[in-house]
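Undergrad: What follows is the residue order along each chain.
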Amino acid sequence: MEKLTELTALELGAAIKKGEVSIEEATRAALEAVEQREGELNCFITRTGEQALERARALQAGVKETSSPLYGVPMAIKDNICTKGVKTSCASKILGDFKPPYEATAAERMERAGCVSLGKLNMDEFAMGSTTETSFYGPTHNPWDTGRVPGGSSGGAAAAVAGRECWYALGSDTGGSIRQPASYCGVTGIKPTYGTVSRYGLIAYASSLDQIGPLARSAADCAAVLDALMGKDPRDGTSLDVPAGGLLASLTGDVRGMKIGLPADCFGEGLDPEVRRAMLEAADVLKSRGAQLVEFDFPVMEYMVPTYYIIAAAEASSNLSRFDGVKYGWRAEGYEDLTDLYCKTRTQGFGAEVKRRILLGTFVLSSGYYDAYYKKALQAKGLIKAAFDDAFGRCDLMLTPVAPTTAPKLGESLSDPLQMYLSDIDTVSVNLAGLPGLSMPCGFDKGGMPIGAQLIGPALGEAAVLNAAHAFQMDTDWHKRSPYEKEVF
Amino acid sequence: MSITTEMVDYISDLSRLRLPQEEKERMTGELQGILAYMDVLNTLDTSGVEPMSHVFPVKNVLREDEVVPSGDRSELLKNAPASDGEAFLVPKAVE
Amino acid sequence: MTWETVIGLETHVELATKTKIFCSCTTAFGGAPNTHCCPVCMGMPGTLPVVNKKVVEFACKAGLALNCEITRYNKFDRKNYFYPDLPKAYQISQLYLPIARNGRVTIQTGERERDIRIHELHMEEDAGKLVHDPWVDQTKADYNRCGVPLIEIVTEPDFRTAEQVIAYLEKLKSTLEYLGVSDCKMQEGSLRCDVNLSVRPAGSTEFGTRTEMKNLNSFKAISRAIAYEARRQIELLEEGKRVIQETRRWDDNKDATFSMRSKENAQDYRYFPEPDIPPLELSEEYLDGLRKEQPEMAEERKERYQKEYSLPEYDAGQITAQKALVDFFEATVALGAPAKEAANWMLGEMMRRLKEEELEPKDMKLTPENLAALISMVEQGTINRNTAAKVFRAIFPDNADAQAYVKEHGLEQVSDPVLVEHAVEEAFAENADAVADFKAGNEKVLGFLVGQVMRRLKGKADPKTVNEAVRDRLTH
Chain H
1 MEKLTELTAL ELGAAIKKGE VSIEEATRAA LEAVEQREGE LNCFITRTGE
51 QALERARALQ AGVKETSSPL YGVPMAIKDN ICTKGVKTSC ASKILGDFKP
101 PYEATAAERM ERAGCVSLGK LNMDEFAMGS TTETSFYGPT HNPWDTGRVP
151 GGSSGGAAAA VAGRECWYAL GSDTGGSIRQ PASYCGVTGI KPTYGTVSRY
201 GLIAYASSLD QIGPLARSAA DCAAVLDALM GKDPRDGTSL DVPAGGLLAS
251 LTGDVRGMKI GLPADCFGEG LDPEVRRAML EAADVLKSRG AQLVEFDFPV
301 MEYMVPTYYI IAAAEASSNL SRFDGVKYGW RAEGYEDLTD LYCKTRTQGF
351 GAEVKRRILL GTFVLSSGYY DAYYKKALQA KGLIKAAFDD AFGRCDLMLT
401 PVAPTTAPKL GESLSDPLQM YLSDIDTVSV NLAGLPGLSM PCGFDKGGMP
451 IGAQLIGPAL GEAAVLNAAH AFQMDTDWHK RSPYEKEVF
Chain X
1001 MSITTEMVDY ISDLSRLRLP QEEKERMTGE LQGILAYMDV LNTLDTSGVE
1051 PMSHVFPVKN VLREDEVVPS GDRSELLKNA PASDGEAFLV PKAVE
Chain F
2001 MTWETVIGLE THVELATKTK IFCSCTTAFG GAPNTHCCPV CMGMPGTLPV
2051 VNKKVVEFAC KAGLALNCEI TRYNKFDRKN YFYPDLPKAY QISQLYLPIA
2101 RNGRVTIQTG ERERDIRIHE LHMEEDAGKL VHDPWVDQTK ADYNRCGVPL
2151 IEIVTEPDFR TAEQVIAYLE KLKSTLEYLG VSDCKMQEGS LRCDVNLSVR
2201 PAGSTEFGTR TEMKNLNSFK AISRAIAYEA RRQIELLEEG KRVIQETRRW
2251 DDNKDATFSM RSKENAQDYR YFPEPDIPPL ELSEEYLDGL RKEQPEMAEE
2301 RKERYQKEYS LPEYDAGQIT AQKALVDFFE ATVALGAPAK EAANWMLGEM
2351 MRRLKEEELE PKDMKLTPEN LAALISMVEQ GTINRNTAAK VFRAIFPDNA
2401 DAQAYVKEHG LEQVSDPVLV EHAVEEAFAE NADAVADFKA GNEKVLGFLV
2451 GQVMRRLKGK ADPKTVNEAV RDRLTH
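Chains as they are written, first to last, in the numbering used here: chain H, 1 to 489; chain X, 1001 to 1095; chain F, 2001 to 2476.
Excised from the complex, chain H in its bound form (with noise of 0.2 Å):
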């Protein structure tokens, strides 16, 4: 048998259910390259490799019984994912050793589907960032060059599964922070339609854009992980009351006659012509398969990043409000009476970028200002949403970059804002428009760093994307490099 390590996680599933390998020798092989990988990756803000170990035993009695393709397969989640008793951070010094008293719907999912949590994966603090450079446990490195970034917000959950240390994790994306990553570090991620997956016990940042979905090492293991994880939550008034599931099973390959479009404005300036290149190449693989490639302008780009920033900054300023040294995590000392405790608590407890964010939410939802910026924002969304149904009166899928470059090395985004928020252009769209978007790997650039194709669907249109990603798959081996196997390529 190939390594272990270096299967995908229905491979592993699979080999689990015939009895090749046990569930405990599976997590075995986990913990082993997380002992071995984590000193220079620094994936985990927190391991549980106890209760995974008893989980994997406990689970072994349940697999000729399981239906779950994924039954036994390690994972570990996003730190801002609730877990009941673990601790979950966010990667914030404000949460302290916060252990939540309930169980994120997601996570409860995952765990009925057999999963064994191995921990919880490092991010930018709060989500906020496209780095993983600014969580308060240290900045997560790229499996592929160890000076890299792996992208953000959910860099922790690239990093762990491009570094093997697991088969997939649960990200969480508001503008980005699943695909971007997933390119970074060269594995497969989705951001499924807004309210297909429960964001209750997913600890917000801007609730209009949030979604949880997978990271991992190809479109079918995607496609396993949501038909776990969608579905009608009670306790999420947005999440959406459709049918769920069936997706792993209508993935067929067959592309022929769909229509694939590639919007002008995302293959203009400020994109690596490395990066355009893949783009192209990509949407080759497509239509050597039979799909169809369709030009068209997206004249709405320019406006993407304001009008998400405005958005997130704002509902984030209302969704951070609650971390106040009261109720849960880190107080401050030293305080003279309630509002020096409130202030003393929130200014040393939340990092730059997340201050930043809250100031300019602050600022635009502020009395004098709610029009000029906020009420036109969301103007903005409905116009931009508008363009989306537009598009997919042309094309079935649009096919994009996922980031203008591959990861810059470590260091060099966060001293301008501004320009780190731009680079955000061909994510942000898709959590506007409330639609799934799927990155998967392509290439890589002259330095050999991953490069990420981006599949945006029409709302709830899933099953299509992740279809034309397995297609793509099936042509190419991308997805299969291992930055510890490169020999073998």
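Calculated directly from the structure, the hints in this document are not laboratory data. Treat the hints with care, as some may be off.
To be verified - Stretch by stretch, here's where chain F covers chain H in the computed footprint (C-beta under 8 Å, at least three residues):
hint, region
1, 99 to 105
2, 315 to 324
3, 354 to 367
Every residue, glycine too, gets a C-beta built ideally from N, C-alpha and C.
Given the coordinates of chain H, assemble chains X and F onto it according to the supplied hints.
TA: This is chains X and F only, laid out in the frame that chain H set:
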């Protein structure tokens, strides 16, 4: 749109953040840059466009009025930085 | 100069739902601190609100009863501010699209009717309770009330006197009680009122600078605070000073209002649409259904009582002023008690006892079954009216069984004519002088003789029978 340090003081106060002078100055500059960039939205004609807060037309998500037993207090208070076992404790906040 | 007082009210009413507005915790009053809580109402990270169906229903019913236009497309908004009684640091409320607007309540003061316009009615969540513990010099935050559903009813500045304000609140209270949407207990805070008040020279059409008064926990406090605040503002203006727009706190003990810290007045709540709650769309069919369920209100019921039960207008008015009395009255009548009797007992003995005990009708233990039984014993001659009054006072506090009490204390009325005759005989024998007096034409002694007979019967005879027996004996 230009943002002043007074404005930064005002929004800091509303957000219960108290930035040291140096950080405040840097923040003011950064926010100025970000807001100046956001002015690009002014070139977008939004007249007659309804502000969209919910992207999908989901509506009337309601719950039945049926009591579910409340949480265990010791569990709910366990994460509190200061509590006396029955309530959260804060510095004097009552007139 | 003569001054005119201009008043507007903001009334917060807790809805009588079983569970909170956004989670399934109980709304029961009291309970040990933080025992009616869960991660949602404690604002724990990652938790989400889901709206209680009943809250929407109750808010609509209230809006309809206050003659409002119901907003078909409703949204919730967040109101952001930091305070330890608000664990999320925002209150979910309705700013942009409140559930009801443009209503009207007609009040009556003396002979005059007046329309009070309702500006809006919106749904929101209540905050927790803070109690300062002087021993440790710490404030304790209890979130049991957090998330209890409220409606806030805002009037236009249509009041000119405290009397009108009280009449409005009485009417509002009665309306909400009739609807069954709130128990309106001021002492438990389920009806709370903030008063906005300004003064202006009589005849002026412009408004003066207003102040908002808080912490008004009784109708009495409201009346006094209005009188105080109007006087304070007039004095300021007459001295050539200005009224400052601010929030003032009523102090019941000091009988005065005091300025609250001005910092709290300068608020920027940064309202924005609540992203966690999808909009509510209320259909015409839904509202029609609610309209059909609207109960008969105080005025209609008062008229019906006068017609159907021949109650005097005053009595009908007294009973229909409070839903609890209506419920008690109708239940008693339904158990077979004559309406007039039931009304008399309720407005006499019962009101007297409630006043003595400082109880609200809805808080008393006495049941309609028990009062009906008592009335029936009088009707059947088992006990007489005086005895019944004594029994009533005895059974009132704990709702002791009236029939059992009468039996236990041997209070059944003496109806055996032989026994009565015997007592008359004895009384006449012992009071020969009085008998002689009567026969000499002094009719006044009749009462004395009756009393003597009753004393011998330990008060347990029917006074009418005794009266007849005495008169019979004297005239034969």
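Undergrad: All hints, please: hold or fail.
TA: Hint-by-hint comparison with the structure:
Under the rule that three or more residues need a Cβ within less than 8 Å of chain F, the assignment of the region 99 to 105 of chain H holds, with 4 such residues. Check on the region 315 to 324 of chain H: 7 of its residues sit with their Cβ under 8 Å from a Cβ of chain F, so the three-residue criterion for coverage holds. For the region 354 to 367 of chain H, the stated coverage by chain F is satisfied: 4 residues place a CB nearer than 8 Å to a CB of that chain, which reaches the threshold of 3.
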